[in-house]
Structures are given as structure tokens and as C-alpha cells.
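**Student:** One-letter residues, chain by chain:
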Amino acid sequence: MRLKRKDLLDIEDLSRDEIELIMSTAKSFREVSDRDIKKVPTLRGKTIINMFYEPSTRTRTSFEIAAKRMSADAINISVSTSSTVKGETLKDTAKNLEAMNPDCIVIRHASSGGPHMLARYLKCPVINAGDGTHEHPSQALLDLFTVNDAKGRIEGLKVVIAGDIAHSRVARSNIHGFSTMGAEVRVVGPPTMIPVGIERLGCSVVDSLEEAIVGADVVMMLRVQFERLHRPLFPSIREYSLVFGLDTEKLKKAPPDVAILHPGPVNRGVEISPEVADGPYSLILDQVKNGVAVRMALFYLLVGGAKE
Amino acid sequence: MRLKRKDLLDIEDLSRDEIELIMSTAKSFREVSDRDIKKVPTLRGKTIINMFYEPSTRTRTSFEIAAKRMSADAINISVSTSSTVKGETLKDTAKNLEAMNPDCIVIRHASSGGPHMLARYLKCPVINAGDGTHEHPSQALLDLFTVNDAKGRIEGLKVVIAGDIAHSRVARSNIHGFSTMGAEVRVVGPPTMIPVGIERLGCSVVDSLEEAIVGADVVMMLRVQFERLHRPLFPSIREYSLVFGLDTEKLKKAPPDVAILHPGPVNRGVEISPEVADGPYSLILDQVKNGVAVRMALFYLLVGGAKE
Amino acid sequence: MRLKRKDLLDIEDLSRDEIELIMSTAKSFREVSDRDIKKVPTLRGKTIINMFYEPSTRTRTSFEIAAKRMSADAINISVSTSSTVKGETLKDTAKNLEAMNPDCIVIRHASSGGPHMLARYLKCPVINAGDGTHEHPSQALLDLFTVNDAKGRIEGLKVVIAGDIAHSRVARSNIHGFSTMGAEVRVVGPPTMIPVGIERLGCSVVDSLEEAIVGADVVMMLRVQFERLHRPLFPSIREYSLVFGLDTEKLKKAPPDVAILHPGPVNRGVEISPEVADGPYSLILDQVKNGVAVRMALFYLLVGGAKE
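Protein chains in written order, with numbering that gives the first Met the number 0: chain G, 0 to 307; chain W, 0 to 307; chain X, 0 to 307.
It is worth saying that the hints were derived from the structure and are not from the lab.
Incorrect hints may appear among the rest.
Just so you know, same-sequence chains aren't split out, so a pair can sit in one copy or run between any two.
In silico DSBU-like cross-links for lysine-lysine, where the CA-CA straight-line distance does not exceed 30 Å [as the list claims (entries may be wrong)]: (1) Lys288 / Lys251; (2) Lys150 / Lys122; (3) Lys157 / Lys94; (4) Lys90 / Lys251; (5) Lys38 / Lys3; (6) Lys252 / Lys5; (7) Lys26 / Lys38; (8) Lys122 / Lys157.
Please take these sequences and the hints and turn them into a complete structure.
**Tutor:** The structure is reproduced here in C-alpha cells:
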């Protein structure tokens, strides 16, 4: 079975059925990474291009490992220093890459909408690996998968997303994803980091983290993206941490089986205390592990298996 | 069949028979990239090193895809930051790489003659992926292949090469290649960009682009390499574009079946207008597609097939 | 057979039996790189991550080629620009990588002890590819292998290590390795580059290079690491070269069958003259060739073969 779409660009577009198809496919691929021989021939002879306009160890590595475990040829392109310097447009770069007959292009771009523009021009599938402050759909899919795996369901869960909602593509994708799957999403963060009208995405806004986590099944802490903050949106890191950082004290307000998520990389002691990040409720490493499985599923559903 | 030479360093050296052998071999490899499973076992267990002393998305990716579709192990080395910093000579770098038993080294180097020096010291085949302002032979071979594919022949064609002839390794390789194959080559560009004595390479010099393209079968527009121009060789980009940029107006002087080539990356609106670059006469994306096939052919002819 | 340890972190830890096991395993892998098809299926479906926090063409390439010739999936991560920028700790980076189920992590780190910290947190094998000024164990193992191969034994040999002993991880690993194998190790260098108490590692200190090489079976010249010298430890390069550089004149003091080693990259005319580096006694390129075999052996012994 395939997704009835060419590209994976955002979660906003996905129906509940599509998300369920991706999650169930990922489940069947997850055990590949636990085998002694972590390799299936599904994408042998396929070419997958990872084109990263922003540096990323984790997401690029996850896509690359997913591709290689499916026997695809993975080509990494880090675009900060080459064609961009030479003044080529994104469209031309894309058309040129497509001329080399890739089967899928994974793209991370600093500008919101970059992958969408690419997808319009290309016949091959495009996967958005994060675009500006817009969406990071494969991250939200692995978060959904991880929560579903831990809780047995998503429908009806109370999900808190805490931090810099305004600048977080992870937050946007997850608000869409959890809403679509029937969860109740609350966002919380400094007022300067909550966009006006965010409720239209299908979430409610809560003022304090302590209040938000009462009754929460899932608390997703966002990373403070120091490298993206051109001007400070809060008085000091210490103050941010005191008010919006999750520590064992604040966590006492949550139910005993609350699940803690974080997209990584973690700023220990800023948005999350080490005790919570490494504690028994943390699913942070499950998210990473499941990320490979979800990306294998996306390749399978968009690029297709050998016997299709 | 193999080339009766160890290396591919420049087009100037190649005979007509050799160019024809490379083109016919490339033709047989081109369909591999159109298959569902884009992979042949020809170079299984061979190690190909791509050593790039200058950044290049396109050429490096093309060589890497070619190697992987032939089942070789491709190793990328980007040398700007490592050994060069440590003060090692190119010769020592090469001898050390050779000690790891590669089957072929592809090298791009900012200095003209870098690949030639390397080739003298190494027993394994060396492919020049562009050296300074000297030659870029795999680019010219894919240009020849593309023209031959579109026109059915090269002999007797009128070929215009327009732009910064003096600093273009693409121009030098193509002047040699098209002359050797019996085409008539005209070069055109600002006087500051036409080297004195260029006629000895086997081409004529024309003053104006309009004049040059009258009767032309092929017009190859060169990229204005802003990143290489340490001092401006023309008054302004706008003036360059007006006089030496190819647009639909100027193109009216050309015969109706003229073929437009450009080695990329394209500066849209500078040396070529978007209408021409994307127009019906443009073979720019064919060039890219054929580049993978030509590089597969070079690997096949220099490194050899499994059953040799 | 496997090493009875999870990681390869330093030579200091290794017993004579372990070093002999690695050397004999490397011997059996060396011929793979001389074959026409340089590939064995031993590590098919295994994922090997090369994580380099310092740039390195040579060591990274050697590990990558070793992994690919054993059919493993090799993932390269160059960490200077990505996660470190984002403020993640080494421990978190490691735990996150492990969550993707790699079978081995090769790490080079600018801080001594970095790989050891990593190894404590990870269940998968960790190979130290050089940590600060501490150790570079795979380098010492390939040096031991090369000397054993050339001389037929290590026991009882007189081995000189010359240069910046204080800042050289290669020197420390080799002092441990050659001592353990029963060689007599002498170190020599400018007084500012000989750490106080170095004799406790199992070597003697000699004042002059001429004196040190009398009767030597092996002379290992260390690289002057200009990029690491924040303040000069000797008056001038010329003076260093005159006193501590190995040239044909000084080499006359050595026995006729002396073996010359250098870990590379070579500063020609500084610590070693071109005549000596390229001369008949030089094993420098054998070291590089054997490096691939030793790293294949390490992968085999730590990660294990398919039929284990």
C-alpha cells in the first residue's frame, strides 16, 4: 500500500487514515533495526538524496540510516557552501537534482515553504525534513508513533506542548497531528512565544506550566533554540527555566504515568531538568529510535517497495 | 573494451575514436538510470574516491551517483578543512590515498594541473573533475554526448561558446572536444574575457553574440563566475546581460532547431534569460541527466568491468 | 574469536595476547584490499558511525573504507557545525545515536577521555580514533603490525620515537604498545616537548636524535603539529629541523636495515627530509595500507562476524 500523495510536506494536510497507515507501517519496520542483520532489500537500486540547507546531525543521520537499512543509495548534500554561493535558485538546484533520476528528495530548508516549492517542480517524492518555523512532519509522526506505542492510543489524550510555540516547527506539526488524531492539545509558554490566534490550529492556550500539566497524559517540552533567537524573548535563561522549565517539582502535578517527550537536542537545565530528561517517564530515546522506523515507513509508502 | 590510457585528464589528449568510444559506452549506461532498479553490479567491490578541493554539489553528486549505481563503494573527501590545513602536499595526500587501494580517484582542484600531477604519482586511474581554469573533461564529454544525442552527429555542426572564455575550463574542454569531432567552433565574449591566441585551440573569435548565433546549431552559454572574478572584467552585470546574455530576442537570429546548452549553475537573467533556459531549445537538464551516464562510462572504461 | 572487551579505547589497557590477536586478524584481512573485488560480507546489515569532532581526511577515510569493504553501512558525522552548536552534551549526542541501533561508534574527539565517557554510557562498541593528547590506539596497532610485518617480531627491538612526545597521542599509544610487546622504547625531542616522568610509561629518554638512533631497529618520527602549538615550544622551524629532523646524514648512525615510520601527514623538510620519507627504509605507505586491515580487524573483533 502507498500513500495517495506524492510528497510528505506537512501534517496539516494528512488525514487520520493516512497517519494511521504511516504508524502501522512504521511498526512493521521497527523490528528491522533490532535484528542482527539490519537490512531489507526493499529499496535496492533506489537513490535517495538528503539535501540539508541547515546543519543537522540527528535528522540527517536518521534519514540516512533509514535509507541504508532499506538498501537504498543515500546521497548527502549539505548546501550551505556550494550552489547557494554560486547563486543558483532552489528551483534550479531541484530540477538539476531531479535530472539525475533520484527516487526521493529529503529536504531541510531555513525558509518556510522551501520544500513545497520544490515539490511543485519535481516529479519525484519530496519529504520535508523541517522548513523554517513552519513544519517538521517526520518529527511529529515519530512523536505520534511514540505516544501511541506507549499509551496504546492517541484519541482522548491530554497533550501539553510547552515552550517557544511561535518559532517551533515541531510544535506546529504536533498541534496538527495530535488534534487530527483526536487528542486535546494545550500549549503553554512565555506570552512573547505564543502566536496570536494559535487556537485556530486546534489547541487551547494555558498560562502556566504547572496548571497545564495537571491531568496531562503527555508533556512535550520544546527546545529553547538559542541559535534562532536574534533578540531575546525572555528576561534570562534562569528565569525561563524557573517558570517554563520542567523539573521533578513541577512534574508532581502530573498524573503518575505521564509521558515526557522532547524533540532534542536537549538543553539540560534549561527547558528540562536532567532528572526529568533521564527519568522513568521520559520517552526521549524512544522518539529517536522510532524516528528511524517512521522514516523507513515514509520511504516505503512514498517510494514504494520492490515488488509493487 | 577499455580506454588505452590510465587516466582521464583532459579532452585535448583524446582522439576522435576515444571520444566515440566514451559516447557509445555512455549510451548503453544511460538506460540504467531509467530503470526501476537503478543498479548494475559492474563495480562491486571497487573503491572510488571523490576528492574535492573546491565545493561542488552538482559534479560531486553526479560522480557519486554514477559510482553507486555501478555498485562501487564511493568515498567523499572534501579537502578544504583537513589535510591542507595540516600542510601536507598534494603528492603526499595522493600517495597516502593510493595506499588504501582505491580503484579510481576523482579529483577537483583549484589549481590547473593538479590532477595531472596526481596522475603521475599514482598507479590507479585519475579522473579530472575540473582543474583551475584548465579543463573539465567530463563536462565536455557530457556536452558532446548531449549534442550528438539531439542532433544525431557532431561533425559539421556550428557551435557557439559564449561568455568568459578566458577563465572557463568548460570552454577550453569543449573547444578541444567539438573541434576534434569535426564541429566548427566560434567563441564570443567581452574582449577582456577572450584570451589572445585562443584561435590556436581550433576556434574562431566573433565580436557580437547576435552575429555569432546566426546559423548556429548549438549555443553554449557559460556561467558568469562571480565567485572567481577578483576584479570586474565588465562594467556591470546589467551591461553584460544586455550585450552577452542570451534572451528570446537575440535567439531569433538562430535557426529554429538551435540547441541551447549551459554547464550550470545558471545565473538566471545574467548570461541567459529564464525564457531561454527553460525554453524548448534548452538541453540543460539533458546535460545533467547525461552527466551520470557519461561518468558511469568513464568508470567502466577506466576501472573496468567485473568480467574483464 | 572476539576481543573480551566491549570497546577499544587505549593501548595501555591491552594485553600482549590481545595485541597479537588483533595483529593476526589484521593479517588475514589485509589480502581483501589486494583482491579485484575488495569486499567481504562479514558486516552486512551492520551500521557503523564515524563521529569526528576534529577534521581528519586520513583516519576517517581509513575507517570508512574498512567498514565498506566489510559490507557495513557507514555513516559519517562531522560534529563541528551541528549539535555542538546547539549546545547538546557529548553524552546526549551519544545516547541519541545509540537509540538508532548502530553496531559500533568510531569517535575522534579534541578532549582526552571523550571516547571513554561515551563508552561508559553506550552498550555498543566504541573505538577511539584519537582523543586529545591522550591516545590514538588504532594508529599504534597499525604501527605495531607494520613493524612486526617488516621485522618478523617486535620483542627485543630497539624503537626510537622522536618529536613532540608531550602533545602526541600517537607517541603515548606507541610507547604503551611497543613496551607491552617487549620492545625497548627510547623517546627523544626538545626538552620542552618531553613530559616529566614519561619514563613511567616504560621508555627511556635520550637527549639527541643522533645518539638515539644508534642501534635502532625502528625510528618513528612524529609530526610537528603546528595547528596544535598555541605557543612555540622551540626557537624556529629551521632549528627544530636541524636538531630533531631526520635526514640522510643523521640516518647514517642507524643500522642498515632500520625501519622509518611516521603517522602522517608528513611535514617534508621539517621533522623528516624528503629523501628519508621516500627512501628505501621508509614504511610510511605500508602504515597507511595496513591501517585499513587493522581497522577491519577491529570491526571484526568488536562487532563480530555474521556467522558468530
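**Student:** State for each hint whether it applies.
**Tutor:** Hint check:
When the C-alpha separation of Lys288 and Lys251 is checked against a cutoff of 30 Å, the pair qualifies only within one copy, where the shortest distance is 27 Å, while the shortest distance between copies is 59 Å. Only between protomers do Lys150 and Lys122 lie at most 30 Å apart by alpha-carbon distance; the minimum there is 27 Å, versus 38 Å within a single protomer. In this homomeric assembly, Lys157 and Lys94 come within 30 Å of each other (Cα to Cα) only across copies, at 28 Å, whereas the closest approach inside a single copy is 43 Å. Taking the closest pair of Cα atoms, Lys90 and Lys251 come within 30 Å of each other only across two copies (27 Å); inside a single copy the shortest separation is 51 Å, beyond that limit.
Taking the closest pair of Cα atoms, Lys38 and Lys3 come within 30 Å of each other both inside a single copy (26 Å) and across two copies (27 Å). When the C-alpha separation of Lys252 and Lys5 is checked against a cutoff of 30 Å, the pair qualifies neither within a copy, at 44 Å, nor between copies, at 42 Å. In this homomeric assembly, Lys26 and Lys38 come within 30 Å of each other (Cα to Cα) both inside a single copy, at 16 Å, and across copies, at 29 Å. Proximity of Lys122 to Lys157 under the C-alpha cut-off of 30 Å is found in neither arrangement, the shortest distances being 39 Å within a copy and 34 Å between copies.
When held up to the earlier numbered hints, the structure conflicts with 6, 8 and fits the remainder.
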